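Asker: Residue numbers (my numbering), protein chains in the order written: chain A, 951 to 1471; chain B, 951 to 1471.
If you are wondering where the hints come from, they were derived from the structure by calculation, not from laboratory data. Fair warning: this is a prediction, and the values are worked out from it, not measured in the lab. Ideal Cβ positions, reconstructed from N, Cα and C, are used throughout, including at glycine. Some hints here could point you the wrong way.
[Claimed, not checked] Reference listing, derived: stretches of chain A covered by chain B, where coverage requires no fewer than 3 residues with Cβ under 8 Å from a Cβ of chain B:
(1) 1019 to 1031
(2) 1202 to 1215
[What the hints assert, rightly or not] Each pair of labels, with its calculated beta carbon distance range:
(3) A/Pro-1461 x B/Gly-1069: 23 to 33 Å
(4) B/Leu-1401 x A/His-1163: 44 to 54 Å
(5) B/Glu-1110 x A/Lys-1316: 43 to 53 Å
Next come the chains, spelled out residue by residue.
Number of protein chains: 2
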Amino acid sequence: MTGRVRSLWAWGWQDKFPDAAARKGLGELARVLVPTATPALRDLPGEPSVPAPRVAIPEALADFAAQDLRDRAAHTRGRAFPDLVVGFAGDFAHAPDLVARPRDAAEVARVLEVCEQRGWSVVPFGGGTSVVGGVDAELARAEREAVVSLDLVALAGVRELDATSRLARIGAGTFGPRLEDELAPHGFTLRHFPQSFEFSTLGGWLATRAGGHYATGPTHIDDHCHALELVTPRGTLATHGHPASGAGPEPLRLVLGSEGALGVITEAWMRVVPRPTFRASASVAFARFEQGVAAARALAQSGLQPANARLLDPDEARLHRVRFDGTAVLLLGFESADHPLTAWLARALELARDHGGTVVAGPSEKSGEGEAGAWKQAFFAAPYLQSALLSTGMLADTFETACTWTQFPALHARVEQDLRAAGAGVIACRFTHVYPDGPAPYYTFIAPLALGGELAQWRVLKQVASEAVHGAGGTITHHHAVGRTHLPWYRRERPALFGAALAAVKQTLDPAAICNPGVLT
Amino acid sequence: MTGRVRSLWAWGWQDKFPDAAARKGLGELARVLVPTATPALRDLPGEPSVPAPRVAIPEALADFAAQDLRDRAAHTRGRAFPDLVVGFAGDFAHAPDLVARPRDAAEVARVLEVCEQRGWSVVPFGGGTSVVGGVDAELARAEREAVVSLDLVALAGVRELDATSRLARIGAGTFGPRLEDELAPHGFTLRHFPQSFEFSTLGGWLATRAGGHYATGPTHIDDHCHALELVTPRGTLATHGHPASGAGPEPLRLVLGSEGALGVITEAWMRVVPRPTFRASASVAFARFEQGVAAARALAQSGLQPANARLLDPDEARLHRVRFDGTAVLLLGFESADHPLTAWLARALELARDHGGTVVAGPSEKSGEGEAGAWKQAFFAAPYLQSALLSTGMLADTFETACTWTQFPALHARVEQDLRAAGAGVIACRFTHVYPDGPAPYYTFIAPLALGGELAQWRVLKQVASEAVHGAGGTITHHHAVGRTHLPWYRRERPALFGAALAAVKQTLDPAAICNPGVLT
Chain A
951 MTGRVRSLWA WGWQDKFPDA AARKGLGELA RVLVPTATPA LRDLPGEPSV PAPRVAIPEA
1011 LADFAAQDLR DRAAHTRGRA FPDLVVGFAG DFAHAPDLVA RPRDAAEVAR VLEVCEQRGW
1071 SVVPFGGGTS VVGGVDAELA RAEREAVVSL DLVALAGVRE LDATSRLARI GAGTFGPRLE
1131 DELAPHGFTL RHFPQSFEFS TLGGWLATRA GGHYATGPTH IDDHCHALEL VTPRGTLATH
1191 GHPASGAGPE PLRLVLGSEG ALGVITEAWM RVVPRPTFRA SASVAFARFE QGVAAARALA
1251 QSGLQPANAR LLDPDEARLH RVRFDGTAVL LLGFESADHP LTAWLARALE LARDHGGTVV
1311 AGPSEKSGEG EAGAWKQAFF AAPYLQSALL STGMLADTFE TACTWTQFPA LHARVEQDLR
1371 AAGAGVIACR FTHVYPDGPA PYYTFIAPLA LGGELAQWRV LKQVASEAVH GAGGTITHHH
1431 AVGRTHLPWY RRERPALFGA ALAAVKQTLD PAAICNPGVL T
Chain B
951 MTGRVRSLWA WGWQDKFPDA AARKGLGELA RVLVPTATPA LRDLPGEPSV PAPRVAIPEA
1011 LADFAAQDLR DRAAHTRGRA FPDLVVGFAG DFAHAPDLVA RPRDAAEVAR VLEVCEQRGW
1071 SVVPFGGGTS VVGGVDAELA RAEREAVVSL DLVALAGVRE LDATSRLARI GAGTFGPRLE
1131 DELAPHGFTL RHFPQSFEFS TLGGWLATRA GGHYATGPTH IDDHCHALEL VTPRGTLATH
1191 GHPASGAGPE PLRLVLGSEG ALGVITEAWM RVVPRPTFRA SASVAFARFE QGVAAARALA
1251 QSGLQPANAR LLDPDEARLH RVRFDGTAVL LLGFESADHP LTAWLARALE LARDHGGTVV
1311 AGPSEKSGEG EAGAWKQAFF AAPYLQSALL STGMLADTFE TACTWTQFPA LHARVEQDLR
1371 AAGAGVIACR FTHVYPDGPA PYYTFIAPLA LGGELAQWRV LKQVASEAVH GAGGTITHHH
1431 AVGRTHLPWY RRERPALFGA ALAAVKQTLD PAAICNPGVL T
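Excised from the complex, chain A in its bound form (with noise of 0.2 Å):
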């Protein structure tokens, strides 16, 4: 990230927040797309305001921690709307005091055993994108003398490959691109691209149990992970090695998914594949959206397993300047570093065809061509996007569920419904993955903002849009993670006696809840 600065309240690098011109371009659009909008250009945000910290850095910590008001200020929050409404105010009053860089685990170790003598709440921090409060030092402070901010940035880096066994460890604090440049030289890659690739990190991906670039078989980061670190309060919890295992309950899988509330993750053992050499793709186009639904069933449930395969709405092709037309399209995609595609592809297209959809684009054996780049440039910019439109008096937001694909009907109409109702001008949906038993559909929506009353509005829509996921059997977040957002539905979708025995290993390894208070449990 070396030179380049990012923005302190909008999503990613400051030098690429759109400009005045481009913002007023945006903003009629969004007219275009909201006839009930006005769109307004704001004045961007001028020097943050940030508070003293409260405590000083504690001598152990001296030789990496920091306190400057910059940094500290970056520290703030995450990326989800109501921290960027707050982060466009420039109010950064809930800054953490203070700001550890630890260089190894032994200075996690000594972080946590700091602030567990003083009573202190650490926020692990990776890349700040998360959407749903997971390193809102606000909420995380839960009336504690100091919040410290645990920036895994310095625990970098692939560290050691075994090219047989395909696997990497890499420290928690690498960021998407270097953990890619590192692999690279390997002729190795991940293939983890969440929608935040640049300004996330692995420890991020791991402990919010993100779901990434494969659209069906093993999509979530879990499935990638073969061992990894976990520093708490209590010691070292390093999980064992193994391909797969049948001793127990899965020591892994009850630290993916802990968001900071059991400890930090210090690095991890990852599952990686050789960089694919074949590739076959095409877009198929519905004239009806319920028929593209069909054809995504019918692929998810063939066992093709195409890594793209992503069906978008026709206000989502729309958004994402991928078809202007109505039509909803599937974009689907095969990649493999063994074998080519060919009949893969052949029996995909015949299976979307038998669903109503024409090939509108391909069979291509090049990658990012077409649609499905477009696609890309789009899903990458999006989130760009978001912070402009705020700029411009528009609230654009997004959330997920994954259901059943007996529930999806039902579940999709009452979040329309639902939600145009509270106020939203677009809702647009697509599948960001498939399965055999369901969909994860992913919603984006866009209002105009109210201004002086932003948070009350994203509030109702929040609160709309999760009761009518929840109140439809989807689950509360598919990729998203939890948070602090999401915790009462969380609370109604996880069963009261898994949530007693979370406590109870909260209990066990954070006895004095200094971990990322106010998550999960």
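Use these hints to put chain B onto chain A, whose structure you have.
Answerer: Only chain B this time, still in chain A's reference frame:
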């Protein structure tokens, strides 16, 4: 199981136990395999010796509990080698005091309630095929007044089917054959065929993280489970049903592998698939086992995901009556209900040839033919042979693990050397499952039985095998579970803090520690 009687001491049906002539032939075969052996036909056990129960059936359980001798004898233990030895001696001194067969989840809860009130141990009992002491009534007693065997046989059958989402709600006490029989009319199958298939239940598979049919990809029952219900002494834990989720640590994964120590699994929503209509299979011989290992690795890392990819070393090929010429053999098979698999098999055979393999059977599009058919038959007969060999004065047993491809050569050499030094005459190896990061090696060993000192002899061999596997980095079990036998090595493999976390969970769900005492925790 109507009309047929299970042996009280040996594997499987009483009427399938080999007669004297067959056992004599087996003894002669054993002598060929282990020249130092002097097989001798031993008298089969007579009537079991079962003590009177220590307690009467409590009023609350009277409707569904029994105490007759044979029933209690049949619930005394599993089918590990020491179980066979003690059963062969007619010793049922530690039979449980009563056998409860609850007819619904409420009656399961009632059993737990009564046992908690009285401080009795409860051993959840599916098919009783544990080979690791998982249902051992003697060890479960733990100095308590009584042991109750909680047999789930009455919680059986496919209760609900969602054909669209390919999900079936199935009672935990459903045996393999019934489960498949009830899915078949709907065109579905679970495709989970562990060696114990005929005599084991869905609940047992889930509680022990059983490995099954598929040799690659999602091989454990864990991956086929959508949701489940666990009745604990503190109430019912029913997990949320979803195709996938990122909402905190996955509750399912804490229950899977809990081996009855956290409560009783009463039912589960399982992912089912249509019965395959396309098949493609072949057998490939290798002059050297190492070539087969390299081919298996290439295949596991290819992304082709064959349903069958079992590598047998020369001894294993001989034992399973597949090949007798000293070559190793790779049994390869693809299956699909969606598409022909010509391209898949063609590439797999190319990979096998690249590593020195010779196709010796196939390609075929039929199921269960030739060498694969011979193997399958021998596979399901093997546990019968173990019992029969015991009755001829031979010790035969198996153990298994999973390790990385990098670890395998040293692990294999150590297992062979140490077991040989400990007196094993034949040590055969096969890969039951293969993953991108490593194989699951499965070992069979045969030795002359030290009559009168069978248990001590077995304990030494088990100790040597477990030390070799654990010492070389393998997991103590890939799919046989931990039970009580693997506990010492499990405790070393399990991160200490995970052990503490699990103990805290146990304390939360089963504070009186009545559920399968001595297992896991």
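Asker: Each hint needs a verdict: does it hold in this structure or not?
Answerer: Cross-check of the supplied hints:
Given a C-beta distance limit of less than 8 Å, the hint that chain B covers the segment 1019 to 1031 of chain A is violated, as 0 residues qualify and 3 are needed. Remark: the segment 1202 to 1215 of chain A is confirmed as covered by chain B, as 7 of its residues place a Cβ nearer than 8 Å to a Cβ of that chain, reaching the required three. Range check, A/Pro-1461 to B/Gly-1069: about 30 Å between beta-carbon atoms, so the 23 to 33 Å window is met. B/Leu-1401 and A/His-1163 have their C-beta atoms about 60 Å apart, which leaves the hinted 44 to 54 Å range violated.
Between B/Glu-1110 and A/Lys-1316 the Cβ separation comes to about 46 Å, which falls inside the hinted range of 43 to 53 Å.
Violated hints, in rising order: 1 and 4; the structure is consistent with all others.
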